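4 protein chains.
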Amino acid sequence: MKKSWDHFLTDRDRQVFGDAGYGNNAGLGSKPALLIIDVSYDFCGHKREPVEESVKTWNLSCGEEAWDAVDHTQTLLHHAREKRIPVIYTTGIDSRLDGFDRGAWTWKNPKMKEAQGVEGFRGNDIVKEIAPLETDLYIEKLKPSAFHGTNLLTHLVHLGVDSLIVTGTTTSGCVRASVVDAFSYNYRIGVVEECTFDRGQASHAMALYDMNAKYADCMSLEDTLQYIETVDEGIYDDKLDFGSFKRKVAAE
Amino acid sequence: MKKSWDHFLTDRDRQVFGDAGYGNNAGLGSKPALLIIDVSYDFCGHKREPVEESVKTWNLSCGEEAWDAVDHTQTLLHHAREKRIPVIYTTGIDSRLDGFDRGAWTWKNPKMKEAQGVEGFRGNDIVKEIAPLETDLYIEKLKPSAFHGTNLLTHLVHLGVDSLIVTGTTTSGCVRASVVDAFSYNYRIGVVEECTFDRGQASHAMALYDMNAKYADCMSLEDTLQYIETVDEGIYDDKLDFGSFKRKVAAE
Amino acid sequence: MKKSWDHFLTDRDRQVFGDAGYGNNAGLGSKPALLIIDVSYDFCGHKREPVEESVKTWNLSCGEEAWDAVDHTQTLLHHAREKRIPVIYTTGIDSRLDGFDRGAWTWKNPKMKEAQGVEGFRGNDIVKEIAPLETDLYIEKLKPSAFHGTNLLTHLVHLGVDSLIVTGTTTSGCVRASVVDAFSYNYRIGVVEECTFDRGQASHAMALYDMNAKYADCMSLEDTLQYIETVDEGIYDDKLDFGSFKRKVAAE
Amino acid sequence: MKKSWDHFLTDRDRQVFGDAGYGNNAGLGSKPALLIIDVSYDFCGHKREPVEESVKTWNLSCGEEAWDAVDHTQTLLHHAREKRIPVIYTTGIDSRLDGFDRGAWTWKNPKMKEAQGVEGFRGNDIVKEIAPLETDLYIEKLKPSAFHGTNLLTHLVHLGVDSLIVTGTTTSGCVRASVVDAFSYNYRIGVVEECTFDRGQASHAMALYDMNAKYADCMSLEDTLQYIETVDEGIYDDKLDFGSFKRKVAAE
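Order-wise, the sequence lines are chains E, Y, C and X. For what it's worth, this note's numbering labels the leading residue of the first sequence as 1, then goes sequentially. For what it's worth, this note's numbering labels the leading residue of the second sequence as 1, then goes sequentially. For what it's worth, this note's numbering labels the leading residue of the third sequence as 1, then goes sequentially. For what it's worth, this note's numbering labels the leading residue of the fourth sequence as 1, then goes sequentially.
The set of hints was computed from the structure by calculation and includes no laboratory data. Predicted, not measured: the structure shown is a model, and the values here were computed from it. Do not take every clue at face value.
Treat identical chains as interchangeable: a pair holds within one or across any two.
What the hints assert, rightly or not - With a straight-line Cα cutoff of 30 Å, these simulated DSSO-like cross-link-like pairs (lysine-lysine) come out: (1) K111 to K56; (2) K31 to K239; (3) K113 to K31; (4) K113 to K56; (5) K111 to K2; (6) K56 to K2; (7) K83 to K31; (8) K31 to K111; (9) K56 to K31; (10) K2 to K239; (11) K83 to K239; (12) K113 to K83; (13) K239 to K111; (14) K128 to K2; (15) K31 to K47; (16) K113 to K3; (17) K31 to K3; (18) K3 to K239.
Sequences are here, hints too, so could you generate the full structure?
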C-alpha cells in the first residue's frame, strides 16, 4: 500500500531504511488510553476552510485536514468510550498579558504575541464536535509535549496504562514531541493517521514516516478500531469514574 | 539562499508557512554550551564509506555525511575550546545482555538486539577524530533526548547556560528530540547544519526545516563561528575546570 | 543561638553532625525568585485559631503558626516587590469529583476525599492577606514538589534565576519536597524560618534541621531582608512585566 | 506498639495528627520491585563500628545501624529473589576531579570535595554482603532521589510495576527523596523500617514518621516478608532475564 510519505523519500532513503532495520510493527498492549492533542479552534479555525484561507484568521490553523481529522476522531471516540478507555485531551494555556509564559515560542514566531481568531471562539477550546466530557482527563500545557510540565505521566502510572492511541495536531509538532516522550517512557504507541493533521504537507508526511520508523506504529483508523475491539470493557472502572458519561449516554 | 529542505516542501507548504509566522531568527544569548550528540562509531561506522555500504556493517550508520560533519565539528570544537565554552558529549549506554534497558527501541527495530560493527571499535565510543577531553562533560543516555534520564539539565542550571549550540546525529532523531526538550526549558538554540547528519535524506532536511520553523535557529557553520567570536572568553572558569585542556594545548 | 531543632536532637546527633561536615552556609546568588508554597485556606484555616481547633474544620490546617507566618510573609513580600523580584505562588488543584487526580494522597489520608472548610472560602485560594497580584506567577500543582508536573523549572530557566527564597507550608511536606528538587537542579536556596509552618512541631523542626544540613540555608527573616537589600533592582524587567503591580502601588 | 518516632513527637503532634487524617495504611499492589538505595561503603564504612568512630574515616557513614540493616536486607533479598521480583540498586557516581558534577552538595558540605575512606574500598561500591547480581538493575545517580536524572521511571513503566519496597539510606535523605518522587508518580510504597538507616537518630525517626503519615507504609521486615509471600512468582519473567541468578543459585 502506498504510504503518505512515499512521495517525499529519496531512492537512497528507501534503500537505507530497510537495511537499518527500522519500521517493525511494535503492536499495542492490553491497557490503552486515548490521547487527543490540541484539537482546538487555534489549530482548526472556527470553520472548515482551506488552510490558505483559514491561516489568515487563525495563524496556527491547519485548515480542511483538521476538520477531516475531527470527523474521524468522532468515530474513534465513540468506540473508545464504549470500552471505557480513558480519554485524555490536551490544549494550550491562555497566555499572560506580558507573554512571559509563552517563552521560547515567541522567539521563533512573533505572531504568538498577537490576538488571533474571531469573536465567540476561544482559541484553546477543544472544537465542540469532539468536546471533552466532564469525566475525561483534561491537560493544559505550555510546551509541545503533553508530558512536559503536566501530570500526564502521573495519571498514566496511576491507571496502569501500557499503550497510547495518539491523535491530534500538529503531527510534526505536539504529536511528535508527545510520541517521543511516550516512547522514552516505554509506552507502546499507535498514531492514527486519519486523526492527525498538520499545516505542512511535507512535515506531516515525514513526521508520520519518522515516528513509524522508530517510535510508534502508524495505524489506519480501521486497524485502530479493530484493536479497540480486542480491549476488555471497563478495565479502568476501579480507577476512573465514567459515570457521568454513562448517564449522559442514557439521557440521549 | 536555497535551503536543504526546499526540495521537499510543497507549493502549499511555502505559502502557509509564511502566513503562520514561523521561522523568525531567535538569536542566541551570551552563555552558550556546545552539545555534540551521539557522534559514535555506531552512527558513523568505523571508516568513511557511502551509507549504503556502511549500513551493512553498522546498521545505524549514516555513512559519508557523518564524516563530513566530523570534519566540520573539529573546526567548531577548536573555536569553542578557545573560548572555554563547555563541551557536552552524549552517547548511548551499552545494553544489558537481555536487552531490557533498550526498552521500546527494540519494539520498532529488532536489529537493536544484535551485535553490530567490527572488532576494535566500541559502538558507543565517540569517533577518535573528535574524542572528548577529560574535562568535557560526558552524558550517557538510553533515550533520544539528551535530557531524558540524564543530569544534563542539572548541569546547565549549575553553569547558568542560556543557549545551546547543537550538533550531531541523527538530525531527525536524537538531535531533534534534544532540541524540543531544550526549547521546552526555554534555552536558545542554534543547530549547526554542516555538523548534523542523518541516514535519511528527507528526514534530515525536514527535521532542519521543522526545527528552524519552531524551535531553533538553523545556522551555517560560518555564522556559528562568528557567534562564538562574540562570546566572552572564560565565562565559566569559576564553575568548570578547563585545566587539563589547557595543559593539553600547552603540550602540543 | 538556640535553634528550633535543638530540642529534638539526641546527644549523638549533635556529635555526628559536626564530623559529617554538613550544615555549611551555602549563600545565595545574585538572581533570586521568591517561592510561596501553598499558603491557602486549606492550610491556614479561614481565621486565626489554635491548630487543635482549626483542624476540626480544615483537616489540613496548621493553625496559629500559619497566621504568624502570613504576617512575616507580608513583610518579606513588601521588600521583594520593591526590588521587582519575581514572586511565585503555588497552590493545589481542585480535585475531580471522583478524586482520581488526587491519586496517592487519598491512599494515606482518606479525608482528602471529603469536603472541607466553611462556606465562602475556597480551600485552594491563597489567603487574602498575601493574595497574589496579576503579575505574579501562579502555579497549580497536584503533588508535594512545586516542580512536579508544573512549568516552574521552565520559568526559572527563562528568568535566569540562580537562587530561591522559599516560604510556606508544610515545612516537612511541600516545602521540603520543593527544596529537594531545587537542590537537585543546583539552585541556591534560602528557607525563611519565620515564613514556614507545619501542623507538626517535631516535623517542622526536623525538616528545617535536615534542609539546613544538606540542601538549603535556613535563614531568619531579618537575614533574608538584608540579603534582598543587596539584590539589584529591576534585574528581571526585560523578562517579566511588573507593570500592573507598579500601577497598583501608584493607585494606593 | 511503640513506634521509633514516639519519643520525638510533642503532645500536640499526637493530637493534631489524628484529626488531620494521615497515617492510613495504603497497602501494596500486586507488582512490586525492590529498591535498595545507596548501601555503599560511603554510607556503611568498611566495617561495623559505632557511627561516632566510623564517621572519622568515612564522613558520610551511618555506623552500626548500617550493618544491622545490611543483615536484614540479606533476608529481604533472599525472599524477593525467590519470587523473581526485580531488584534495583542505586549508588553515587564518582565525581569529576574538579567536583563540578557534585554541584549543590559541596555548597552545604565542603567535605564532599575531599577524598574519603580507606584503601581497597571504593566508596560507591555496594557492600559485598548484599552486592548486586549482574541481572539486577543498577542505577547511578548524582542527586538524592533515585528518580532524578536516571532511567528508573522508564524501567518501572516498562516492567509495569505498581509498588516499590524501599530500603537503604539515608532515611531522611535519599530514601525520603525517592519516596516522595515515587508517591508523586502514584506508586504504592512500603518502607522497610529495619532495612533503612541514617546517621541522625532524630532525622531517621521523623523521616519514618513523615513518610508513614503521608507517602508510604512504614512496614516491619516481618510484614514485608508476608507481603512478598503473596506475590506471584515470575511475573516479570517475560521482561527481565533472571537467568544468571538462577544459574548462580543452581551452582551453589
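Status of each hint after checking the structure:
In this homomeric assembly, K111 and K56 come within 30 Å of each other (Cα to Cα) only inside a single copy, at 12 Å, whereas the closest approach across copies is 47 Å. For a Cα distance limit of 30 Å, the shortest separation of K31 from K239 qualifies both inside one copy, at 13 Å, and across copies, at 17 Å. In this homomeric assembly, K113 and K31 come within 30 Å of each other (Cα to Cα) only across copies, at 26 Å, whereas the closest approach inside a single copy is 40 Å. Proximity of K113 and K56 under a CA criterion of 30 Å is satisfied intra-copy only: 16 Å inside one chain copy versus 48 Å between copies.
In this assembly of identical chains, K111 and K2 lie within 30 Å of each other by CA distance solely across copies; the values are 25 Å between and 37 Å within a copy. Taking the shortest Cα distances, K56 and K2 sit within 30 Å of each other only across copies (26 Å), while inside one copy they are farther apart (33 Å). Taking the shortest Cα distances, K83 and K31 sit within 30 Å of each other both inside one copy (11 Å) and across copies (25 Å). In this homomeric assembly, K31 and K111 come within 30 Å of each other (Cα to Cα) only across copies, at 27 Å, whereas the closest approach inside a single copy is 40 Å.
Taking the shortest alpha-carbon separations for K56 and K31, neither the intra-copy value of 41 Å nor the inter-copy value of 38 Å comes in at or below 30 Å. When the C-alpha separation of K2 and K239 is checked against a cutoff of 30 Å, the pair qualifies neither within a copy, at 41 Å, nor between copies, at 35 Å. Taking the shortest Cα distances, K83 and K239 sit within 30 Å of each other both inside one copy (14 Å) and across copies (27 Å). In the homo-oligomer, the alpha carbons of K113 and K83 lie at most 30 Å apart only across protomers (27 Å), although the nearest pairing inside one protomer, at 41 Å, exceeds that limit.
For a Cα distance limit of 30 Å, the shortest separation of K239 from K111 across copies, 18 Å, qualifies, whereas the shortest one inside one copy, 42 Å, does not. In this assembly of identical chains, the alpha carbons of K128 and K2 never lie at most 30 Å apart, being 33 Å within a copy and 42 Å across copies at closest. Taking identical chains as interchangeable, the C-alpha atoms of K31 and K47 are never at most 30 Å apart, the minima being 35 Å within one chain and 45 Å between chains. In this assembly of identical chains, K113 and K3 lie within 30 Å of each other by CA distance solely across copies; the values are 27 Å between and 37 Å within a copy.
Taking identical chains as interchangeable, the C-alpha atoms of K31 and K3 lie at most 30 Å apart only when both belong to the same chain, with a minimum of 28 Å there against 40 Å between chains. Taking identical chains as interchangeable, the C-alpha atoms of K3 and K239 are never at most 30 Å apart, the minima being 39 Å within one chain and 33 Å between chains.
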